[in-house]
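Each chain is listed here by its residues.
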Amino acid sequence: MSSSSIEQRQTILTRTVLIGMAVIFMAPLLIAFLTSFKTPSEITRVLSIPSQLYWENYAIAFQRAGRTFLNSILITVPAVVLSLLIGAIAGYPLAYMRGSSGKVVYFILLTGMLVPFQIVQIPLFFLIQKIGLYDTIPGMWLVHTAYAVPFCTFFMRNFFASVPRSMYEAALIDGCSPNLYFWKLLLPASASGLAALAIIQSRAIWNDLLFAITLTTSDIARPATVAISGFASSLQVEYGPLMASTVVSIIPVMAAYLLFQKSFVRGLLGGAGK
Amino acid sequence: MAQPKSRLTRTDWTHIAFLALPAILFVTFYIYPVISSISLSLHDWDGFSPRMRFIGITNYTVLAGQPRFLHAVFNNILWVVFMLIVPTGIGLLLAAILDRGIRGEKAFRIIFFLPFTIPAVAVAAIWRWMYEPDNGLVTTVMNLLGLGSFAQNWLGDPSVVNFSLMGAVAWWTTGFAFLVFFAGLRNIPTECVEAARIEGATPWQVFWKVSFPLLWPSTIIVLGMAAIDAMRLFDVVWSMTKGGPAYSSEVLATQMYDLAFGRFDMGRASAVAVYLFIIAGIIIMPYIVYMSRRVQDSEAE
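Which chain is which? The protein sequence lines are H and X, in order.
Sequential numbering from 1 applies to the first sequence in the UniProt record's numbering.
Sequential numbering from 1 applies to the second sequence in the UniProt record's numbering.
Next up, chain X with everything else stripped away, as it sits in the complex (with noise of 0.2 Å):
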């Protein structure tokens, strides 16, 4: 009778049943499926026949010589570097100059936030007409400034096909970093900016010396979330050009969606997927790391 399990309390059997019903969810949507998908991934299969051909680690031989998964790898690269810099720099940027007080503070506020509650179908939409080679709002505004040379046939040429969209993902994404940049900046003590100025320093020096420094939490928790987003990059890609033209604009997502529901070559592209979840692994792990450690200090305070 006296074994150690009976002295759980009241309390921490509470914590088990609340805890259950989440537990049973992650298994079965995140544990089951990442095993079912390795094994899938070493495996000849086209989703119909009742027998798989199991064909070992060919799958992963193959797409490590193919050009073009080679190339989605390396956009998925690019979008992590863009995502980390280009939203975040700019969020940053308009959090920074409107944590001034300025006249129209909350106008300004909903304006830069708005595209980002709107769907990546609807950004795709509204930004695939931007684009229109003739008569987009794109071509037609550099005609007006005389820039008309420069235009391009923005989605349909394959060396500017991937910056169009990463135009259009800016637009749509800017407004998270720079929320979430601004609630931290206002969350910054007066006092310490308050005391840096009487000292004299200019508002740059404030800013990088004072206020950005204590926006860490905000940086970690925008740059965490890009690398996230980048990684599962696929709604925009995948409705504005399909990965085209020639696979050019192609990341991981879209590749492995096209093998999957477009060729039914699920063994294929199974290993399209693991090789995205170790490259996310990479990239993501050290930031769920350190997310878990700052809730272990900030538990000991």
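Just chain H, with the same shape it has in the complex (with noise of 0.2 Å):
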């Protein structure tokens, strides 16, 4: 038995496994992207290619939930950079301090992480209506980017740690404060980790519902999520339209994701190695 001959049985074996997942990691989305063109007459034969693209199914779910989509667009963008800002500097001093008071705040705030967020949810929904910000788009930034402390935190107090001290000690000794240092140098340097951070914070608030059913009602704040799980739990689903809102729900983080998955593994190793 040659050594290559078995190399070789093994290599086709692994294709074999990889492609066989593949098929059926890809499945599920192709099947919703092929029903969403399909004809109410077509929709229920799965395995059959739409004979037209029949973009009605995306003018009904644009005119129902359009508006919710803009929401979603509206709260994801500004959380995203409020909750890497609030990461950043928070993460900036617990990776930098010197004995014990960093280590307990650093602990505490990682607590945040095992809190489920069912027991903030009926306090939550008081506190935002008192402070009147019950159904607004700046009250989801709020809640997004509150609810991303420990996380963030988390991530950036990581990354920066590994960002050479040799770097920081060089700055101060030639008259750079703290305060400065962490805007002019340590930002800029962390480019792949806020890349990483903002492409899983995008996928966070991009996608949540809990916060979403609970602090919005009305199409001036309710983002698409909340649509769709609407649209999918009725008893009466039109597959159609429901899979055209989901294909465009899917997008845009997927996009992002596709755009900057260079940055993201980089910066997932910079935060998950050592």
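Derived from the structure by calculation, the hints contain no laboratory data.
Yeah, the Cβ is synthetic: ideal placement off N, Cα and C, and Gly gets one too.
Careful: at least some of the hints might be erroneous.
Stated by the list, open to error - Here are the simulated SDA-like pairs of lysine to any residue, each with C-alpha atoms no more than 25 Å apart in a straight line:
hint, chain 1, residue 1, chain 2, residue 2
1, H, K103, X, I31
2, H, K130, X, G104
3, X, K106, H, R266
Unchecked claim - Per the computed footprint, the stretches of chain X lying under chain H, defined by three or more beta-carbons under 8 Å from a beta-carbon of chain H, are:
hint, segment
4, 33-45
5, 70-82
6, 155-166
If you follow the hints, you should be able to join the two separate chains into one complex; please do so.
This is the structure:
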């Protein structure tokens, strides 16, 4: 038995496994995409290819949920920027502080990660109503930023800790203040970490249902996830328009990941390594 | 004047200034609501009336005797076990195979990660379509393979609904485990692997004896996140089944939501939330302690 034939057989086996898994991973997305272009009469034939591009589904989806997609964008973009900023300004001192006080603060912030959002849900509902931000987009910015504190701090702290400390010490010797060091040197040097976190956060915020369902009621602030969840759980589901709005909701984060995947993997390595 | 406080340097003040806003947010949005929920759970309140009636631990004792509640606890534990094993295991397998340098690696990497990027509500919508009892893809493929007799009413049968939901969630979350493991494998110095290979280790041995132990930082991240996600699980279940049929797929989060915003029983709902908090604490606290201790170790180096 030559070792090359064993190797060859192994390569064939791994390829088969990978291709099989790839088919399983792609099938649901493909089905959703195909279904979104089918006429009501074609829809029950799952495996068929749509005979024409039936845009009516998209028109209905736009009519019913167009505004909520706009809301999703208006909620997600600022909330991602704010949550990155808050994670960075909390992560910076925690990565550089000496002594135990920094560790205590870090530990307390980390415990936030184990809090199931359900335990804050009811008081949060009344709190947001009391400060007049119920059913508003700024209210959603505030909530998403606040609940990003533990994870973003954790992520940025670890990323900052992997930036060579000599850079910090050299800057201080040159007369740079700790404050300026953060804004002028550390933040620009952390671009890949911030990009990775931006993708994680866009996904979390764009995809959120729980806070949206609790804190919004009208089309003024309701994001697309609430609208889609409503379509999906109703008894009589119209799968054409539902799949159309689903496809639209999938595209932004998917596109962001494909565009930034290099820095995403690099940032993940920077944060997860060590 | 010479109080110890004035010894704080400019660096210390900068640190305090930077931490002020996160600290305020943390107190307002975590500590205050948690305390408030605990206090609410000791009351009988519909969310509207100006007066809340204090009833002590009645909410807790009533829940502990309810089959509906106990079933949700059981489901949550089932989800934790599932999330720790299935998406993690498949993710590790895919990462290990792909790390061996295969043509089209980039395309596979994107394909395996893509489902993770999509909203839970989209997962729910797509998989409700996949699971349509008559002409959904799952049933159709089973019919084509001659396995039609095993086809089920996937989301309508209390005895299979949880597994159907888990199938959708496995599809959705495996990408995260895969990517973290893949990044971790790429981070392993090639000399370690080469050395083992020269010593005559098989790929299987190289993986379990060399690569996997070095993957520990990735593993702990994946497991921790899986446990956290399992405890918080809400969106997929809510959008796919609303906890049904007959509460069979209910988890604590969906039960709590139903009690609070469907039945306006804020006290009982808060008690469910506190139970969830306690269970999550027991399961996830070791992870948090481990993470913060690892930070201290890495700084001591």
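Now for the hints, and whether the structure bears them out:
1. H:K103 x X:I31: holds, 19 Å
2. H:K130 x X:G104: Violated. H:K130 to X:G104 sits at ~54 Å, over the 25 Å cutoff.
3. X:K106 x H:R266: Between X:K106 and H:R266 the Cα gap is close to 15 Å, so the pair holds against 25 Å.
4. 33-45: Contact hint for the segment 33-45 of chain X vs chain H: holds, 5 residues under 8 Å.
5. 70-82: Result for this restraint: violated, n = 0.
6. 155-166: Check failed, 0 qualifying residues.
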